[in-house]
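Asks: Given next are the chains, with one letter for each unit.
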Amino acid sequence: MPAMKVALMGNPNSGKSTLFNALTGMNQQTGNYPGVTVEKRTGEAIIKDEAGKSAFITFLDLPGTYSIYPKSLDEEVCYKVLCDNTDEDHPDAVLVIADSTNLRRSLFLTTQVIDLGLPCILVLNMSDFARLRGLEIDAAKLSDMLGVPVVATNARKKVGIENLRKAILHEFRKPFKTFLDIADFTSSEMIESVQKMFPDKSHYGAFQLINNETGISHFETIQAKKEEIKKLIVKHHFDKHKTQSEETIARYKAINDVIKECVVINEEEKKKSVTARVDKILTHKVWGYFFFLLILFVIFQGIFLIAKYPMNAIEFCFVKVSEFGNSVLPPGELTSLLINGVLAGLSGVAVFVPQIALLFAFIAILEDTGYMSRASFLMDRLMRPLGLNGRSVIPLMSGMACAVPAILGTRTISNWKERLITIMVTPLMSCSARLPVYTLLISLVIPSNHNYGYFNLQGLVLMGLYLLGFVSALGAAFVLKLLIRSKEKSYFMMEMPLYRVPKLSGIGLTIYQKSFIFLRDAGKVIIAISVILWVMASHGPPSKMKAVETAYQRADSVKKYSPKQIEGFVAAGKLKESYAGNAGQWIEPVIKPLGFDWKIGIALITSFAAREVFVGTMATLYSAEGADNNLSIREKMDAAINPDTGKKEYTAATGFSLMLFYVFAMQCMSTLAVVYRETKSFKWPLIQFLYMGALAWLASFLVYTFAK
Amino acid sequence: MPLDIVTLDKLKPGESGSVYSFNDEEKALKFMEMGCTPGEIVLMDSYAPLGDPIAIMISGYKLSLRKSEACLINVNRQ
Numbered sequence: 006m007p008a009m010k011v012a013l014m015g016n017p018n019s020g021k022s023t024l025f026n027a028l029t030g031m032n033q034q035t036g037n038y039p040g041v042t043v044e045k046r047t048g049e050a051i052i053k054d055e056a057g058k059s060a061f062i063t064f065l066d067l068p069g070t071y072s073i074y075p076k077s078l079d080e081e082v083c084y085k086v087l088c089d090n091t092d093e094d095h096p097d098a099v100l101v102i103a104d105s106t107n108l109r110r111s112l113f114l115t116t117q118v119i120d121l122g123l124p125c126i127l128v129l130n131m132s133d134f135a136r137l138r139g140l141e142i143d144a145a146k147l148s149d150m151l152g153v154p155v156v157a158t159n160a161r162k163k164v165g166i167e168n169l170r171k172a173i174l175h176e177f178r179k180p181f182k183t184f185l186d187i188a189d190f191t192s193s194e195m196i197e198s199v200q201k202m203f204p205d206k207s208h209y210g211a212f213q214l215i216n217n218e219t220g221i222s223h224f225e226t227i228q229a230k231k232e233e234i235k236k237l238i239v240k241h242h243f244d245k246h247k248t249q250s251e252e253t254i255a256r257y258k259a260i261n262d263v264i265k266e267c268v269v270i271n272e273e274e275k276k277k278s279v280t281a282r283v284d285k286i287l288t289h290k291v292w293g294y295f296f297f298l299l300i301l302f303v304i305f306q307g308i309f310l311i312a313k314y315p316m317n318a319i320e321f322c323f324v325k326v327s328e329f330g331n332s333v334l335p336p337g338e339l340t341s342l343l344i345n346g347v348l349a350g351l352s353g354v355a356v357f358v359p360q361i362a363l364l365f366a367f368i369a370i371l372e373d374t375g376y377m378s379r380a381s382f383l384m385d386r387l388m389r390p391l392g393l394n395g396r397s398v399i400p401l402m403s404g405m406a407c408a409v410p411a412i413l414g415t416r417t418i419s420n421w422k423e424r425l426i427t428i429m430v431t432p433l434m435s436c437s438a439r440l441p442v443y444t445l446l447i448s449l450v451i452p453s454n455h456n457y458g459y460f461n462l463q464g465l466v467l468m469g470l471y472l473l474g475f476v477s478a479l480g481a482a483f484v485l486k487l488l489i490r491s492k493e494k495s496y497f498m499m500e501m502p503l504y505r506v507p508k509l510s511g512i513g514l515t516i517y518q519k520s521f522i523f524l525r526d527a528g529k530v531i532i533a534i535s536v537i538l539w540v541m542a543s544h545g546p547p548s549k550m551k552a553v554e555t556a557y558q559r560a561d562s563v564k565k566y567s568p569k570q571i572e573g574f575v576a577a578g579k580l581k582e583s584y585a586g587n588a589g590q591w592i593e594p595v596i597k598p599l600g601f602d603w604k605i606g607i608a609l610i611t612s613f614a615a616r617e618v619f620v621g622t623m624a625t626l627y628s629a630e631g632a633d634n635n636l637s638i639r640e641k642m643d644a645a646i647n648p649d650t651g652k653k654e655y656t657a658a659t660g661f662s663l664m665l666f667y668v669f670a671m672q673c674m675s676t677l678a679v680v681y682r683e684t685k686s687f688k689w690p691l692i693q694f695l696y697m698g699a700l701a702w703l704a705s706f707l708v709y710t711f712a713k
Numbered sequence: 490m491p492l493d494i495v496t497l498d499k500l501k502p503g504e505s506g507s508v509y510s511f512n513d514e515e516k517a518l519k520f521m522e523m524g525c526t527p528g529e530i531v532l533m534d535s536y537a538p539l540g541d542p543i544a545i546m547i548s549g550y551k552l553s554l555r556k557s558e559a560c561l562i563n564v565n566r567q
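Line by line, the protein sequences give chains A and B. Under this note's numbering, the first sequence has 588 at position 583, and the numbering climbs by one with no breaks. Under this note's numbering, the second sequence has 540 at position 51, and the numbering climbs by one with no breaks.
It is worth saying that the hints were derived from the structure and are not from the lab. Among these hints, one or two may not hold up.
Anything over 10 angstroms on all C-beta distances counts as not near chain B; from chain A, calculated [unchecked claim]:
#, residue
1, Thr29
2, Gln33
3, Arg282
4, Leu310
5, Phe321
6, Cys322
7, Glu500
8, His544
9, Thr555
Residues from chain A that face chain B, not an exhaustive set, calculated with beta carbons under 10 angstroms [unchecked claim]:
#, residue
10, His242
11, Phe243
12, His246
13, Tyr294
14, Leu298
15, Leu383
16, Met499
Keep in mind that this is a model prediction, so the values were computed, not measured. The C-beta atom is built at its ideal place from N, Cα and C for all residues, glycine as well.
Please construct the entire structure, taking both the sequences and the accompanying hints into account.
Replies: Written out as structure tokens, the structure reads:
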């Protein structure tokens with residue numbers, strides 16, 4: 006069976022991905038293009054006809070783009086895949102997907118692809134929308150004028166897909182004419198010289214190789230001929246911008262002529278569009294913000310409340326599995342590694358999946374319906390002074406549930422600098438893992454019966470901590486905006502597409518793919534760090550660990566305490582002597598000015614697995630102090646006495662200092678793993694760790710010094 | 490009819506004009522790729538509630554851009 010690689014290209018919002026899903030079904034793989042964080046989707050399908058002819062097709066869903074001239078990372082990928090014959094994804098043929106309601110703009114990209122000389126088919130997608138707007142497109146005439154086959158489809162309703170499959174099988178061939186000859190706009194001698202070096206390239210294909218020599222990315226294809234091409238550029242005084250500008254104007258002019266011939270506008274059927282009416286409300290100066298806040302509220306509540314149930318279920322399953330493991334496996338190192346290291350790490354990864362799935366479902370709905378660009382339109386002016394984008398709002402707010410999905414969600418921000426700043430400040434938003442820590446500490450230092458009118462003081466403090474996180478995220482964004490330099494030209498310009506009903510099957514697929522990518526990529530790092538933390542918390546200098554075990558086997562302690570209490574003492578003693586415990590004691594000089602002792606030091610280190618581990622670690626440590634095991638962890642901490650002062654260990658000063666530390670400090674390895682994945686460098690997670698740590702230290706130091 | 494050249498951001502909602510020229514050579518390329526070629530009719534659709542960005546209609550679709558971008562496009566007001 007012949008095999009063929011087919012790339013799908015088209016403008017953003019042209020329905021390209023829906024068509025890709027319709028052609029490939031569930032046979033899809035997702036990954037990244039080498040070296041960049043642009044998502045790459047491929048899928049396979051076998052296409053057959055009645056006569057028995059068949060082909061094995063690998064489809065490649067290229068990022069949406071308006072032109073093949075690259076201006077962003079996404080476009081750079083398309084440009085390289087199409088023009089560099091040695092690229093591993095270079096296709097045998099291209100499907101260009103045009104939005105029928107936006108034919109003029111769609112044909113711009115289409116005719117560029119045609120001029121590259123690759124076999125291609127033009128797909129007129131969303132043909133039903135065009136009809137609703139009173140547009141009649143003469144596909145036969147269009148095919149004739151462009152020199153490529155034209156197929157009309159409506160991917161959302163799966164109309165025309167069979168015709169498209171047939172066309173893929175039978176009609177792929179090189180375009181039988183050039184739409185615009187680039188040699189008319191620059192030295193034809195230069196174009197032809199390059200064409201001689203690469204005989205399979207068209208004029209336009211050769212021209213793009215010359216352009217590449219003056220551009221950013223480098224094609225393998227031209228490496229051998231680099232010097233010759235350079236000489237030609239100098240010899241013919243090639244002016245890249247001038248040529249491109251003249252080409253663009255001429256191309257649109259020629260497209261206008263095609264449209265005059267092929268499109269009839271039926272004024273009578275042209276109704277006032279639904280989109281215009283909906284926009285009157287959704288971008289209204291009062292109602293617009295009202296609906297925006299309402300939508301944010303629904304997303305936040307959804308991630309916070311709905312995700313709780315599957316998260317609890319996942320945690321419950323992991324607890325049951327580890328209990329089962331502990332009961333059947335022989336006790337010892339290996340079992341402990343398996344259960345407290347690997348399994349704990351796995352559970353730490355899996356527990357994020359419900360939140361990720363929900364957030365991406367919401368984002369997919371917002372993108373799919375066309376609302377995302379309206380939200381951006383409303384919020385851009387507010388976010389811009391901070392170096393953020395209108396689209397930063399959704400990740401920032403969902404960071405209040407969990408920074409991990411929020412950072413993955415910044416991919417909707419196309420400007421790299423604005424995206425990077427959003428990634429860097431999102432972890433300052435108080436996430437749901439901080440909540441158990443806040444609740445414990447607040448209940449420890451704030452009296453619960455204190456009310457101001459209707460407001461409960463504990464509630465007010467909790468709200469204050471969330472607000473502090475929010476304000477500091479905005480402040481950090483402002484500082485980063487001044488510090489980060491960006492070479493990329495920034496464009497805000499964006500299409501506001503027609504409103505559409507979201508397509509559920511596509512959203513389901515997105516959820517599945519995003520969750521899978523997270524499990525596979527971030528999962529590896531998280532499990533590795535979990536194992537390291539396990540080693541640190543369960544191992545220590547052997548002689549000292551041994552001493553802890555024997556200490557409580559003496560007759561007097563066996564008589565005095567129950568076996569359960571002794572178990573607790575041993576666990577706490579071992580944690581103190583472990584490498585994590587040593588680290589806690591080792592960092593004590595650094596955290597002493599903040600009012601923290603080595604116990605808190607240990608909890609700060611183990612919190613790195615997940616912030617809420619703080620509560621569990623404190624519980625283990627204090628099972629040694631308070632002999633009465635019936636006390637809750639709150640009561641034990643409340644009863645703890647500072648040996649130096651003889652007063653309460655957890656004064657208001659220590660409590661507040663600790664709360665502030667948890668507001669600011671970067672204590673989440675999952676987030677760092679995701680930041681590493683999304684920025685493709687160690688630099689940004691490291692900077693993030695350091696700047697947040699410095700903020701935390703400073704804030705805690707100040708509040709402890711003044712409140713002491 | 491005499492020319493009435495203003496930058497795009499000066500149009501009021503409901504007013505239209507034809508693209509005349511650009512004040513930034515490199516950004517002009519991007520504008521033109523999006524369909525804002527000289528001679529094309531642009532209609533100012535609306536301003537965002539805080540006055541920026543703006544939304545225009547160009548060749549049958551809605552495009553939003555920041556004022557700092559719109560002031561790089563000169564239009565002949567109609």
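Asks: So, for every hint listed, does it hold in this structure?
Replies: Comparing the hints with the structure gives:
Distance to chain B confirms Thr29(A) as a non-interface residue, since its nearest Cβ pair spans about 28 angstroms, more than 10 angstroms. Even its closest Cβ contact with chain B, about 29 angstroms, leaves Gln33(A) beyond 10 angstroms, as expected for a residue assigned away from the interface. The Cβ of Arg282(A) sits about 13 angstroms from the closest Cβ of chain B, beyond the 10 angstroms cut-off, so the non-interface label holds. In this structure Leu310(A) is separated from chain B by more than 10 angstroms, as the shortest Cβ-Cβ distance comes to about 30 angstroms.
Listed as a non-interface residue, Phe321(A) keeps its Cβ farther than 10 angstroms from every Cβ of chain B; the least gap is roughly 46 angstroms. No Cβ of chain B comes within 10 angstroms of the Cβ of Cys322(A); the nearest lies about 46 angstroms off, and the non-interface call holds. Once the 10 angstroms rule is applied to beta carbons, Glu500(A) is inconsistent with being away from chain B; the minimum gap is 6 angstroms. At the 10 angstroms boundary, the C-beta of His544(A) stays outside the reach of chain B, the nearest C-beta of that chain being 56 angstroms off.
The Cβ of Thr555(A) sits about 71 angstroms from the closest Cβ of chain B, beyond the 10 angstroms cut-off, so the non-interface label holds. For His242(A), the interface hint is violated, the least distance from its beta-carbon to any beta-carbon of chain B being 17 angstroms, above 10 angstroms. Taken as an interface hint, Phe243(A) does not check out: its beta carbon lies about 16 angstroms from the nearest beta carbon of chain B, beyond 10 angstroms. Residue-level restraint check for His246(A) holds (minimum Cβ-Cβ distance to chain B is 6 angstroms; threshold 10 angstroms).
With a least beta-carbon distance of about 7 angstroms to chain B, the hint placing Tyr294(A) at the interface is held under the 10 angstroms criterion. Given hint, Leu298(A) at the interface with chain B, is violated; its Cβ is 13 angstroms from that chain's nearest Cβ, farther than 10 angstroms. For Leu383(A), the interface hint holds, the least distance from its beta-carbon to any beta-carbon of chain B being 6 angstroms, beneath 10 angstroms. A hinted interface residue such as Met499(A) counts as satisfied when its beta carbon comes closer than 10 angstroms to some beta carbon of chain B; here the least separation is about 6 angstroms, so the hint holds.
Checked against the numbered hints listed earlier, the structure breaks hints 7, 10, 11, 14; every other hint is satisfied.
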